[in-house]
Amino acid sequence: MSYPPDPRQAAFAGRRSDGTPVQRPLSPHLQAYDMLQMTSAVSIMCRITGVAWSVGVLLLVWWLAALATGPAAFAQVQWFMSSFIGLLVLFGLTAAAWFHTLAGLRHLAWDAGHGFALPTVMKTGQWVMVATGVFTVLTWVVALVVWR
Amino acid sequence: MNEMSKTNAAVMRTPLGRVRGLGSAKSGTHHWWMQRVTSIALLPLTLWFVVSMLSLAGASFAQTRAFLAWPVNAVLMLALIGLTFHHIAAGLQVVVEDYVRKDMQRIAALLVIKGGCWLMALVCAFAVLRVAFT
Chain C
1 MSYPPDPRQA AFAGRRSDGT PVQRPLSPHL QAYDMLQMTS AVSIMCRITG
51 VAWSVGVLLL VWWLAALATG PAAFAQVQWF MSSFIGLLVL FGLTAAAWFH
101 TLAGLRHLAW DAGHGFALPT VMKTGQWVMV ATGVFTVLTW VVALVVWR
Chain W
1 MNEMSKTNAA VMRTPLGRVR GLGSAKSGTH HWWMQRVTSI ALLPLTLWFV
51 VSMLSLAGAS FAQTRAFLAW PVNAVLMLAL IGLTFHHIAA GLQVVVEDYV
101 RKDMQRIAAL LVIKGGCWLM ALVCAFAVLR VAFT
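Protein chains in written order, with my numbering: chain C, 1 to 148; chain W, 1 to 134.
Pulled out of the complex, with its shape left as it was, chain W reads as follows (with noise of 0.2 Å):
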């Protein structure tokens, strides 16, 4: 068994992927791994954001503008940003790895992902930024 076990191993990982170590996804486990640190991460920042959404229903836009300038909130609002677009990016990559069976089409959907979720993370951040600096 464990001799048979050996044998496939080696014929089913090329000898520089071996050296490597990191199969043939060719990252190792780094997305698995970081899927769940954002989610760890994600879990009080976004009920901190819960929080205040809740604290600011039916907040003037005066009011809304000065919860999110000031720096705690805006330095919170960066970090759910930054973590929860990369969440969205790697889970929605799954998702399309596992039923986008035609090379052509999961290839243009993943870069569809990748390139959405960077722009909409940009798009926020910068009105994050603009609120916090004007």
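With the rest of the complex left out, here is chain C (with noise of 0.2 Å):
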């Protein structure tokens, strides 16, 4: 079965339970959106953060998986996650999971059915981006003001 080649009829190829094939729709792949839109933009940044934080989290396996082996373990955790990179890379999830926790907030208020109206979506998503910077950045003083 061959795809359609306009991405706005994209579907996925599947199956019926009796066997025949069948073309169903399916969300169309990205350059189908205008990615500058406030309404794509958001939704495909809370895709991405996810991916990204899911990636992040193998950094808590090997925290746990070195804190159970031992001080030599946990000592090159310890170096990894005060290095610059470790920083960056720390810094750059604390925003990513932010910016999913928020977006995912805005998609529970969505299916209990509220804030679907087109100037409270183009709001809610300019909260979640200025909300993501000012959560990021004060979860990263507090850390700091602990460190010392």
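None of these hints come from the bench; they were simulated from the model.
If you're wondering where the values come from, they're calculated on a predicted model, not measured in any experiment.
It cannot be assumed that every hint is accurate.
The calculated label-pair distances, taken between Cβ atoms and stated as ranges, are [to be verified]: (1) W/G115 x C/T20: 30 to 40 Å; (2) C/F84 x W/M34: 19 to 29 Å; (3) W/D103 x C/V51: 14 to 24 Å; (4) W/L129 x C/Q126: 40 to 50 Å; (5) C/T120 x W/I40: 57 to 67 Å.
Note that the Cβ used here is the ideal one computed from N, Cα and C, for glycine as well.
Since each chain sits alone in its own frame, please combine them into the complex, following the hints.
Here's what the structure looks like:
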């Protein structure tokens, strides 16, 4: 079965339970969207930050495994986390985590049936971006104060 | 209008599917619903995790172990691990299903995600239990 050339007609090629092939509608690929538009920008960023956070969780796996292994393994994690690259990664992860959390709250509100009017969508989208910046900086101010 | 949607529904679904009422995804809204449930549970848990990590900034090996060995922290960490990897597996699955079109590639990617999440979750849980019980 061939795929339609128009990304807006993107389809999922599957089979019915009786075995006959069928094309079902599916989210279009990224080229169908204007990425500078608030709605699609926040939407795709929610996915990207989710994937980034998923990869970043590997640091938690490493941290816990090292903590269970012994002081030498733990010292390696501590060394990486407090290195320049490590701090940069942690800072990026903090931003990704806040963005995904705040955009996720917006999704939960939508799921409950609230905030669908376009002006509201624009406002909450801007709110997500501004709050991500504020909460990320705030988190690191607290971190650096405690660390001292 | 009403008649027509009724006819379409009859054509698109198998008799068994109609009886079970679970639609073409074969699991109804379970996947979608669990993604929401885990996200709500992760809100307070992740906040606890961030506050804990902040309080542990610069802590020694012994201090960090003592923190995780405390039963409340160990249990919360286990809950965080289970829910986080459930949410990750569900989220990455949707991304792959949306963007990977070839059957074999998609199935392979989904299996890697499922297997990877299970393994990583078990590594984390084992580490927490080892710290808590030694």
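Each hint, compared with the structure:
{"no.": "1", "hint": "W/G115 x C/T20: 30 to 40 Å", "result": "holds, 31 Å"}
{"no.": "2", "hint": "C/F84 x W/M34: 19 to 29 Å", "result": "violated, 39 Å"}
{"no.": "3", "hint": "W/D103 x C/V51: 14 to 24 Å", "result": "holds, 22 Å"}
{"no.": "4", "hint": "W/L129 x C/Q126: 40 to 50 Å", "result": "holds, 44 Å"}
{"no.": "5", "hint": "C/T120 x W/I40: 57 to 67 Å", "result": "violated, 22 Å"}
In summary, the numbered hints that this structure violates are 2, 5.
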